[in-house]
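Listed in order, the protein sequences are those of chains X and V.
With the numbering used here as the guide, the letters of the first sequence map in order to residues 8 to 415.
With the numbering used here as the guide, the letters of the second sequence map in order to residues 57 to 314.
Possibly wrong hints are sitting among the right ones.
[Said to hold, decoys possible] Simulated crosslink set (DMTMM-like; lysine to aspartate or glutamate; CA at most 25 Å straight-line):
| no. | chain 1 | residue 1 | chain 2 | residue 2 |
| --- | --- | --- | --- | --- |
| 1 | X | Lys211 | V | Asp174 |
| 2 | X | Lys211 | V | Glu236 |
| 3 | X | Lys71 | X | Glu81 |
| 4 | X | Lys176 | X | Glu403 |
| 5 | X | Lys211 | X | Asp155 |
| 6 | X | Lys211 | V | Asp217 |
| 7 | X | Lys211 | V | Glu94 |
| 8 | V | Lys206 | X | Glu208 |
By construction, these hints were calculated from the structure, which means they are not laboratory data.
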Amino acid sequence: MTEPLARPKPRNPVRALRLPTLPPGARSRAALRLTAAAAEGRLELQHCFDCATVQYPPRAACQKCLSHRLEWRETDGAGELISDTVLHHSNELYYRERVPLRLGLVRLDAGPSLLAHLHGDCTLGRARLRAQLDRSGQAVVVALPPQDTTNMADDPMLREMTCDPKFRKVLITDGKGAVGQALARALVEAGADIVWIGIAEPWKQAPRLDAKQVETVPLDVTDERSVRDLAGVIGGKVDILINTAEFHRAHGVADRGTETARAEMEVNYLGLLRLAQAFGPAMRARAAEGTVPATAWVNLLSIYALSALPSHGTFSASKAAAFALSQNLRAEMHQAGIRVMNVFPGPIDDEWNQLVPPPKLGAPALATAIVRALRDGVEDLYPGDIAQDIVARFRESQKVLERELWDQ
Amino acid sequence: MSTLLAELGTALAGGSVRVVDLSQTLSPRLPQIVLPPEFDQCAPFRIAEISRYDARGPGWYWNNITFGEHTGTHFDAPIHWITGRDLPNNTTDTLPPAAFLAPACVIDCSAEAARDADFLLTADHLRGWEAKHGKIPSGAWMLMRTDWSKRTDPVAYQNFDETGQHTPGPDESAVRFLVERNLLGFGTETIGTDAGQAAHFRPPYPCHTFMHGAGRYGLQCLANLDLLPPTGAIVIAAPLKIQRGSGSPVRALALVAS
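Next comes chain V alone, as it looks inside the complex (with noise of 0.2 Å):
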């Protein structure tokens, strides 16, 4: 194993292994999830300078920042949903950390979400993906490229109008084949693992409440998976070790060879 290691070490330092940033910039124009107002929100991502070489510290510069837990790109742990409240290990701080570096299926939805925001995948989809790509290999990451990320407009972004968001996402039936295909979690590039109409399916919220509750994991607001190739690539994706928390903020980033 020391020489796989040895050999990863040489890839990335010559470059025939690349280093993909999957990640948004934390900043407040970043929208942030929205629910109806008679539910208490998720904080947005705020910062507010501490000092900066002035009379409040002249030496040096830092912020405070204060955010909710599902801001930014971030990760859905088990217990965010209902459905995975009982499941062992739920927690960010009780995760394996060995799920934290999984390899990386990438599905090109990115045509139809142009053509269709409210676009879901169904497990027919994933069933073509398999048949060109091979088995979903069980302990992976599926992660949906749809370009939203590409939204920079936070309007586009969000895409209200008076009946909701319209974001594509998964429906039932994707999830359920995920599910038996024993995947590690669901990623896609826009605010939830669940399509922006989901409230409106039956079940509602599928993806959150069929993949929590087989204790899958959840990767949002996602970039650059148009530069990951459909399988082979490896995920790194760690939330932040919080006391008994429901997900975090990750920088993710993905290994790809060239």
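Okay, chain X solo, but in the shape it has when bound (with noise of 0.2 Å):
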């Protein structure tokens, strides 16, 4: 059982700030895929087209018949850990943090053996491997008991990999739409400290949520000056910022003037522009602090930001933009640690998909779906049907999608 993490104290003031490091973040080209599936939450290795050897660490051949016909292929991380250590000293300033660290080797039942930190919970025999990202944004093995132990998210070792919402505060940008209300309660039952709704143009009718963790704030992600205002008051607080922004209509390029597209620009690209430039820094430099330090940045992208949708022209232009964008917060957000997830869901089920046939993604299953990729540490969430199709067919073949996506 794993001792359940203490709702941490207000900061002591006069001691200096923690500083965040990092761990050694160096990989090999071969060894990134196993980044790019961790960082969806899978653990995949290399599997041998030839001889069917499952190999790692990731090589250009195959370590027992030399072919280099290599899949990565999605491997079960069910194997037996057959030794343990604990390590007392290392000169990485990361570890050096953090020591004693436990380490074990486990043996994957599908064959190779594999060096990964321990859970707290992990005894010699059975046990369960799982990519994580660790604070560099790159794959680490992780093992963790054959079963659910109590309080199991709390283990130290397995905090440094997830941006678990229990005890943090968490500013979600716009608390008036469907999805960020619905966030709001999720993150409630998550155990979250505070959950700041971001509410702008207030003229008009937002929804109430009663629970005494929510409070209401004022903040208008197209007024610099508004996001400015806000990050002055709630800045240095922020552990999770969930970017729900958003400005979306159903248009095509050629059917509608410019002044919609800069409507859906100022709110989905600049107002990430401008969140990030107001609330990065202070995030950065919290990244380490205490014991429930600043962790995620989540963008709400789209699906279309993969893959444009011409029904909804210049909507997945400007999360096409606020994608890209992202990817460059991802880059500098690093640096100290903090994990910046991008959401790309299918068509939401609210008022600005309403001729879109379903399946079309609730409101509700989108909120679970963030905090559950919250606590299990991801980067790139394809929540629902649609979104995990359209990334297949993406990574089969972006043109063939391009094709399809223009009658839908």
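Using the hints, put the two standalone chains together into the complex.
Printed below as a string of structure tokens:
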């Protein structure tokens, strides 16, 4: 059983802030495929096409038959913890702050043996391996006990890899829409300490949320001053920022002027930029503070950021711009170990997708998926069947997908 | 005439003619008109620093501003409405400059508006005003004082509920009466010259429809109308000379004799 995480005390203001450090992040090009799978919460290893050997660490050829025909495939993490040890010293700044650390060798039922970070509840015998992104944003292998244990998520090693909302202070940039509302509820349920929900244009009737953790704050991401003003008040406290602010109209390229497209860019692209400039630096500075440091930045994008949906053409373009910006933000936030999670939903069941036939993603389902992804520590989330289907087709052939989206 | 202007200059310098600012401060906090979301929207006032004595420009401070023509205290030209689209000189760059300085009549509806946010000014109210203050002179502004500009909370200023906006304005009879009096235009303290519920009137938006159809103007989001006398003030409200513009923010001023 894991010692439950204690509610953090307020920071002692006369002690220096602990500055964020990162575990070693260099990976070979081959090993980055492990990161790519871990970014979505999967353990993938190299499988030899010719002799079916599963191998680790990643190499250019099969260690058994020297075939270069290697495939990355999702691999069952079930295995046996065959040895363990405790690390008491490291010259890496990051590990120096975190020793003693448990490490162990796990032999997968699929074949290879992997050196893994050990969950505190792991004992010699059966174990489950998972690939996780560490604070450097690169994949590491983590061994969990064979069955879930009490307070399992509170294990200090695991918390370094995840972004659990428990006891954290969260800002949802738009709390007026269905997604923001559902997220606020899900975060309260997940044990968030405070959930701030941003309200723009307060004269438009906003639904009320009656939970003592939820607090409404004025925030209009199209107004630099409004963003700065809010950052001036809560910027030094936000542990998780979830950018749900979105402007969505269903227009093609030729059937409207530029003003709606500009409004989409103002919210979906420039809004993110304003938030990043106002909230990013303080979050980076607090990435190692206490037991519940600043940890994650979540952007609500769209699956059509990958490949445009012409019937929602300008919206898709603004989301593609936001996606590109978000990749840059990730590169910057990663320097402090803050995870930037991109969420790529298919059509959400809201007022701007009224004519889109089902299946559509309900706001509560999306909220649940985001909270789960924070707990799991993934950085790319494709929630729902449509998103899963489109990302699979995108990876298979971008061109085929582009043509198929013409008629939707 | 030169003596008249010289006297005005002396009066302004001596304070016997005061200048009253009728404008709201342009800021992102000041709400803009809200249309149903299927329509394209008026851009709100936004301001972004170009530089402030920093790496972006070491010795100077300046901003880029963006806004719709109908943002803040602003002027409506006749072309703004479909009924005024074919009139001559109906855009901000072709309006006769003489229209930018004109006498103003002020009708005090503040008590009525405080009781009823949907208060409608009627022709009868205007006849009552004329009985007290004389006939509305041709070419004057009629300004409707409601003290709405004192609602500094944007939510109270917009005053929306699920049936839309609730703000005072004129009804059709008042607008027709004013057009008959050949006035210059109609001014309000609220976001529109029409009442908040005017979309449901028959015909809808009577002030925009008939005022602009007759080539008259509008002023909106005015402030400090409580500092003006019922008659005798001169209003200065010049829109920016925007090519084919339908309106423009203005720095509206009034000259008032003490």
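Any hints this thing doesn't respect? Which numbers, in order? 2, 4 and 5
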